[in-house]
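Student: One-letter residues, chain by chain:
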Amino acid sequence: MAPKKVLLKVIILGDSGVGKTSLMNRYVNQKFSNQYKATIGADFLTKEIQVDERLVTMQIWDTAGQERFQSLGVAFYRGADSCVLVFDVNVAKTFENLDSWREEFLLQAGPRDPEAFPFVVLGNKVDLDARIVSQKRALSWCQSKNNIPFFETSAKDNINIEQAFEVIARNALAQERVEDIYLPDTVDLSDQKDKQSAQNCAAC
Amino acid sequence: MALARPGRTPDRSESRAAMDDEYDVIVLGTGMKDTLLSGLMSVAGKKVLHMDRNSYYGGESASLNLNQMFEKYGNGEKPPAELGSSRDYNIDLIPKFMMASGKLVRMLLYSKTTHYLEFKQIDGSFVYNKGKVHKVPVTETEALASGLMGLWEKRRFRNFLIYVQEYDAANASTHKGRDLSRLSSADLIKDFGLQQETVDFIGHAIALNHNDEYLTKPAAELVKRCQLYSLSLAQYGKSPYIYPLYGLGELPQAFSRLSAVHGGVYMLNKKVDKIEYDESGRVCGVTSEGETAKCKMVIGDPSYFLADGKVKQVGQVIRMVCIMSHPVPNTNNSDSCQIIIPQSQVGRQNDIYITCLGASNSVAPAGKYIVIVSSTVETAEPVKELSPALKLLGKPDKIFALLNNVYVPANDFAKDGCFITSSFDASSHFESSVNDVLAVYEQIMSTLPPEERKLIDLDHLPAQE
Ligand SMILES: Nc1nc2c(ncn2[C@@H]2O[C@H](COP(=O)(O)OP(=O)(O)O)[C@@H](O)[C@H]2O)c(=O)[nH]1
Ligand SMILES: [Mg+2]
Numbered sequence: 001m002a003p004k005k006v007l008l009k010v011i012i013l014g015d016s017g018v019g020k021t022s023l024m025n026r027y028v029n030q031k032f033s034n035q036y037k038a039t040i041g042a043d044f045l046t047k048e049i050q051v052d053e054r055l056v057t058m059q060i061w062d063t064a065g066q067e068r069f070q071s072l073g074v075a076f077y078r079g080a081d082s083c084v085l086v087f088d089v090n091v092a093k094t095f096e097n098l099d100s101w102r103e104e105f106l107l108q109a110g111p112r113d114p115e116a117f118p119f120v121v122l123g124n125k126v127d128l129d130a131r132i133v134s135q136k137r138a139l140s141w142c143q144s145k146n147n148i149p150f151f152e153t154s155a156k157d158n159i160n161i162e163q164a165f166e167v168i169a170r171n172a173l174a175q176e177r178v179e180d181i182y183l184p185d186t187v188d189l190s191d192q193k194d195k196q197s198a199q200n201c202a203a204c
Numbered sequence: 001m002a003l004a005r006p007g008r009t010p011d012r013s014e015s016r017a018a019m020d021d022e023y024d025v026i027v028l029g030t031g032m033k034d035t036l037l038s039g040l041m042s043v044a045g046k047k048v049l050h051m052d053r054n055s056y057y058g059g060e061s062a063s064l065n066l067n068q069m070f071e072k073y074g075n076g077e078k079p080p081a082e083l084g085s086s087r088d089y090n091i092d093l094i095p096k097f098m099m100a101s102g103k104l105v106r107m108l109l110y111s112k113t114t115h116y117l118e119f120k121q122i123d124g125s126f127v128y129n130k131g132k133v134h135k136v137p138v139t140e141t142e143a144l145a146s147g148l149m150g151l152w153e154k155r156r157f158r159n160f161l162i163y164v165q166e167y168d169a170a171n172a173s174t175h176k177g178r179d180l181s182r183l184s185s186a187d188l189i190k191d192f193g194l195q196q197e198t199v200d201f202i203g204h205a206i207a208l209n210h211n212d213e214y215l216t217k218p219a220a221e222l223v224k225r226c227q228l229y230s231l232s233l234a235q236y237g238k239s240p241y242i243y244p245l246y247g248l249g250e251l252p253q254a255f256s257r258l259s260a261v262h263g264g265v266y267m268l269n270k271k272v273d274k275i276e277y278d279e280s281g282r283v284c285g286v287t288s289e290g291e292t293a294k295c296k297m298v299i300g301d302p303s304y305f306l307a308d309g310k311v312k313q314v315g316q317v318i319r320m321v322c323i324m325s326h327p328v329p330n331t332n333n334s335d336s337c338q339i340i341i342p343q344s345q346v347g348r349q350n351d352i353y354i355t356c357l358g359a360s361n362s363v364a365p366a367g368k369y370i371v372i373v374s375s376t377v378e379t380a381e382p383v384k385e386l387s388p389a390l391k392l393l394g395k396p397d398k399i400f401a402l403l404n405n406v407y408v409p410a411n412d413f414a415k416d417g418c419f420i421t422s423s424f425d426a427s428s429h430f431e432s433s434v435n436d437v438l439a440v441y442e443q444i445m446s447t448l449p450p451e452e453r454k455l456i457d458l459d460h461l462p463a464q465e
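Residue numbers (the working numbering), protein chains in the order written: chain P, 1 to 204; chain G, 1 to 465.
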């Protein structure tokens, strides 16, 4: 039997400037640039990975900079299968804000089982020498929130990023909802019939 | 949306830095039209700052949850428990559907915002005739079985439809000797010997005109509208309409994201205190909370220009939002549908529209329906005007009445640099809204140096990659 294909929507949250866009670019495009301006947004990137028997397409959504002035709309959060919370280990405030990012996610996305929802926390920019938030402090927060997995990362030096995203995919897969809700049959707009092929006029 | 944001305090210094900057464009309000313009400007490489006084996207065209609905229109009432969870509701403040082959779909494809949205087709389209609700036939079998017209009339109607279907402006042999740029709609219809009721059916249920002004106008437009209807119907089959999951409020969010992805800066919950003008009366900035962001032009919805006298009121639209525990009677239990009540059927000048949506559109909890009745206001008692429609609904669980003023710009954009979108009209779909966006877009382009102008030709979209 061919392995089942799965699409996971992963969103990356955290204060502006912590390296969300950089992490996503490093993971998907194997690139890092010091010049990313925190003000410029990105869209979403997709990456296919193999997790055990399964082919998984990760669709990773950037905030597009709309987090900067608390202006993310509810649409951004809809249908997320996993949420990556990022802080900068060199800036205390970005760690302290994780609580409200997590709350905001739960409020807006409204997952059916908030306690079991698969979050992952990334403490980014560990390559810098100005560390303020200790591993211990970060781990203890993660433990207090139902043992959220924690990784120390650097988008710049490519530290721990593959590992983190594999856990993100695994945990999201493990949570895969048995869809008991009515799944609507949506239409594909890019498949427009033109006038010629649509000649079966309605009431003619 | 409009959820109180959790504790994270916005960084004042960052906001000051963003306000202390100079932008090509500042956009005020995140309605569907304004966000689309914002997206187009950002994509064109313009530096955009986008503000909204509300803490949610969508402005006048937002979709609200139940708590927000009661907060805004509930006269102090609290949402009763039996209506279910607030977050399961996405109630459109402006009820409209999208024509499956209409300009909004083209715009979504053009701007590649379809990635952010999912659509479903609307299950059925109905029309009110002599006190009864009839399905607008979509197949030949349905047309033959329909009680809407007699046998002979059906033949004449069919002849008309064949003419419309074959008509091609560029091919004179399909015109059959008629010049539709001169011939009025009324005269074209007369040529086919159709009865008054069929005329109403064509003009209102197919061409989707919301009053009778079209009759005296050139028939070319009527034919175009009929063609749009049948092409849209041919896309997915049940009705010519599609609708985004989670409500129309998804559209402005998708366009905003487009703008943000291209560098647009977003500030919700941002009080707009004053639009600043230089000595010559040209816009030069926008002031909020003591800080002024500089700009070369402003785009916005009319509500931001009321104080400056740059808009004028041209009418009112009444919209009654009903939450129901049953679908609209006599619609074959459709989960989603539209009923058109042509003006002549109820002695009015403007049609009344009923839209019904439910859980399958992700706008209400299971078993609940959002039914919105709307029309252009004609008298001093707007709610009473809608009573012929309300009678068709059975008993709703809750009714909200929303009375909206309709504003249009009354300024000289070439002089003041303010590009103002019009309020949403009472029409049942987005064709006129996109026309408004395109018109404002063209106004903006006309003020730019020629090398910066980029025109959008929705009728000749480049092939998709
Ligand atoms: N030294 C270092 N800088 C980083 C790292 N990740 C991101 N940055 C820089 O931090 C700034 C903000 O990054 P960005 O990805 O735009 O953050 P975002 O606002 O969270 O998306 C940029 O200048 C990045 O180059 C990292 O791991 N190490
Ligand atoms: Mg970013």
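Heads up, some of the hints might be wrong.
Derived, one-sided and incomplete: chain G residues facing chain P with beta-carbon distance under 10 Å [what the hints assert, rightly or not]:
#, residue
1, Gly-147
2, Gly-150
3, Trp-152
4, Thr-174
5, His-175
6, Ile-242
7, Leu-258
8, Ala-260
Treat the hints as calculated values from the structure; they're not laboratory data. Using N, Cα and C, we set each Cβ at its ideal position, and we do this for glycine too.
Student: Hint by hint, say whether it matches the structure.
Tutor: Status of each hint after checking the structure:
no. : hint    : verdict
1   : Gly-147 : violated (14 Å)
2   : Gly-150 : violated (14 Å)
3   : Trp-152 : violated (15 Å)
4   : Thr-174 : violated (12 Å)
5   : His-175 : violated (17 Å)
6   : Ile-242 : holds (6 Å)
7   : Leu-258 : holds (9 Å)
8   : Ala-260 : holds (4 Å)
In the structure shown, a violation is registered for the earlier hints numbered 1, 2, 3, 4 and 5, in ascending order.
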